[in-house]
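Listed here are the chains, written in short residue letters.
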Amino acid sequence: MIQLTHEPLDHAALLQSVSSHQAGAALLFLGTVREFTAGQQTLQLNYTAYESMALGQLEQLQQDALQQFPVTAVGIQHRLGELALGDVSVAIAVSSPHRADAYECSRWLIDTLKQRIPIWKQEHYADGRVEWQHPGEPTGQVAEADSEPQSGASTDGQ
Amino acid sequence: MIQLTHEPLDHAALLQSVSSHQAGAALLFLGTVREFTAGQQTLQLNYTAYESMALGQLEQLQQDALQQFPVTAVGIQHRLGELALGDVSVAIAVSSPHRADAYECSRWLIDTLKQRIPIWKQEHYADGRVEWQHPGEPTGQVAEADSEPQSGASTDGQ
Amino acid sequence: MKEQPDPAAALTVTVLFFAAAADIIQRETVQLQLHEGVTLADLQQQLYSRWPELSQRLPTLMWAVNEQYATPQTILRAGDQVACIPPVSGG
Amino acid sequence: MKEQPDPAAALTVTVLFFAAAADIIQRETVQLQLHEGVTLADLQQQLYSRWPELSQRLPTLMWAVNEQYATPQTILRAGDQVACIPPVSGG
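Chains as they are written, first to last, in the numbering used here: chain B, 2 to 159; chain A, 2 to 159; chain G, 18 to 108; chain H, 18 to 108.
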């Protein structure tokens with residue numbers, strides 16, 4: 002299952018989709034909206050995407066994972082639009098005969114997704130700032146003057 | 002949540018129990034009954050436990066994880082009794098501000114659970130053999146004569 | 018630059034902008050008239066000349082042609098969809 | 018061995034057996050009459066004398082006293098619950 006949606010993620014269905022009699026382990030990773038990052042309070046996030054490319058890249062990511070790791074099945078969901086605190090932004094499910102492979106594949110998937118898939122996160126902070134998260138770029142340049150400290154993303158960054 | 006039960010695991014409730022606005026990541030590990038291990042076909046498993054001690058040890062494991070890793074919440078469920086192919090034998094949920102910690106804590110929990118908690122798995126093979134899994138012991142000695150090859154466990158072992 | 022002055026060989030390319038890049042140029046789509054043989058690098062130069070703050074504020078832009086990440090050497094064809102991709106932050 | 022012959026100091030200890038250990042001795046519980054000052058090691062020797070196949074088939078048994086893993090030096094008290102724990106295989 003590969004899904005890009007504005008609706009809340011049905012990660013139970015995602016997990017179910019990777020279940021198999023060949024698997025001894027299944028791993029479900031959820032990225033959720035965190036309230037505090039480096040002392041800054043997030044109120045909500047807004048995710049936008051180059052949707053058609055993102056969907057194709059997610060399918061490619063799934064295929065790459067199945068080729069690179071001895072896993073049974075892989076599924077990925079990513080949510081778009083406005084997310085509140087605690088909401089799930091991304092769900093990744095992996096099943097495998099042996100658990101070490103599920104852990105390694107799952108980490109590779111979320112790490113690579115964050116590098117490769119054309120999806121962008123806009124932070125809405127409690128102090129009124131609205132800022133695109135651009136890992137590797139100086140922050141505070143886009144939506145605001147350069148008075149802001151470096152800030153990480155408010156999901157599961159770093 | 003710490004749970005030892007003969008009923009099917011409600012791992013959705015377990016995952017829900019670790020959700021938090023402080024967390025940017027949540028990870029749910031499931032151990033499931035695998036059909037083939039080293040060419041041997043499993044029909045079902047039977048889990049038994051020193052229940053009161055296992056429950057206490059699971060609670061201790063939860064506390065140890067919360068002390069050793071920068072995680073937000075930890076929950077563990079283990080099922081007992083007869084399990085069929087695909088059934089979930091163990092569920093471990095971890096949430097954390099940063100995802101690397103959830104992965105590390107989750108792996109530590111399942112590795113340590115398999116070393117420390119007094120629960121035993123009995124394999125029912127397609128060829129009629131019934132065998133307790135005792136990691137580190139020669140196999141095939143207990144329920145049968147010593148004509149059996151070394152066999153791994155049919156969940157997520159090794 | 019290998020631009021050919023033959024107007025019969027002109028081609029139209031659509032460029033999509035996302036997130037901070039769209040905010041900077043204050044639009045999400047730009048149509049460009051180019052010539053046969055032009056590369057993605059040529060197109061980037063045109064855009065950076067028109068909106069210098071694009072490369073100043075986003076020094077590590079990536080680019081895609083027809084939904085695949087592309088190198089500056091990529092030769093553009095009529096109808097290609099180019100995308101200007103600021104550092105991604107999904108997950 | 019520090020067994021004291023004073024019968025007034027006798028104590029009763031219950032030993033639980035699980036999984037393969039229970040199969041080998043064909044019971045799940047054994048009651049032992051011991052003396053004050055006896056250690057877990059002493060109790061193990063009594064059991065291994067009675068069921069030699071226990072240590073032969075399960076050379077890496079662990080032991081618990083009152084639901085905590087215990088060393089052979091542990092001194093047993095009246096009413097203690099001892100458990101003979103074959104290598105665990107949960108998960």
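Keep in mind the hints are simulated off the structure, nothing from the lab.
Just so you know, these numbers come straight off a predicted model, no measurement behind them.
Any given hint might turn out to be false.
To spell it out: a stretch of chain A is covered by chain B in this simulated footprint if at least three of its residues, at any positions, have a beta carbon under 8 Å from a beta carbon of chain B; those stretches are [unchecked claim]:
#1 99-112
#2 115-126
Pairwise CB distance ranges, derived in the manner of DEER restraints [unchecked claim]:
#3 A101/B - T29/G: 48 to 54 Å
#4 Q62/H - D128/A: 37 to 43 Å
#5 P71/A - P76/G: 28 to 34 Å
#6 D128/A - T31/H: 33 to 39 Å
#7 Q85/H - A127/A: 45 to 51 Å
Built from N, CA and C at the ideal position, the CB exists for glycine as well.
Each hint tested on the structure:
1. Counting residues of the stretch 99-112 of chain A whose beta carbon lies closer than 8 Å to any beta carbon of chain B gives 8, which reaches the threshold of three, so the coverage claim holds.
2. With a cut-off of 8 Å between beta carbons, the stretch 115-126 of chain A has 0 residues touching chain B; three or more are needed, and the interface restraint is violated.
3. At about 52 Å, the beta-carbon gap between A101/B and T29/G stays in the expected band of 48 to 54 Å.
4. The given range of 37 to 43 Å is respected by Q62/H and D128/A, whose C-beta atoms sit roughly 39 Å from each other.
5. Between P71/A and P76/G the Cβ separation comes to about 33 Å, which falls inside the hinted range of 28 to 34 Å.
6. Our hint of 33 to 39 Å for D128/A and T31/H holds, since their Cβ atoms are close to 38 Å apart.
7. Here the CB-CB span from Q85/H to A127/A is close to 39 Å, at odds with the stated 45 to 51 Å.
In this structure, the earlier hints numbered 2, 7 are contradicted, and the remaining ones agree with it.
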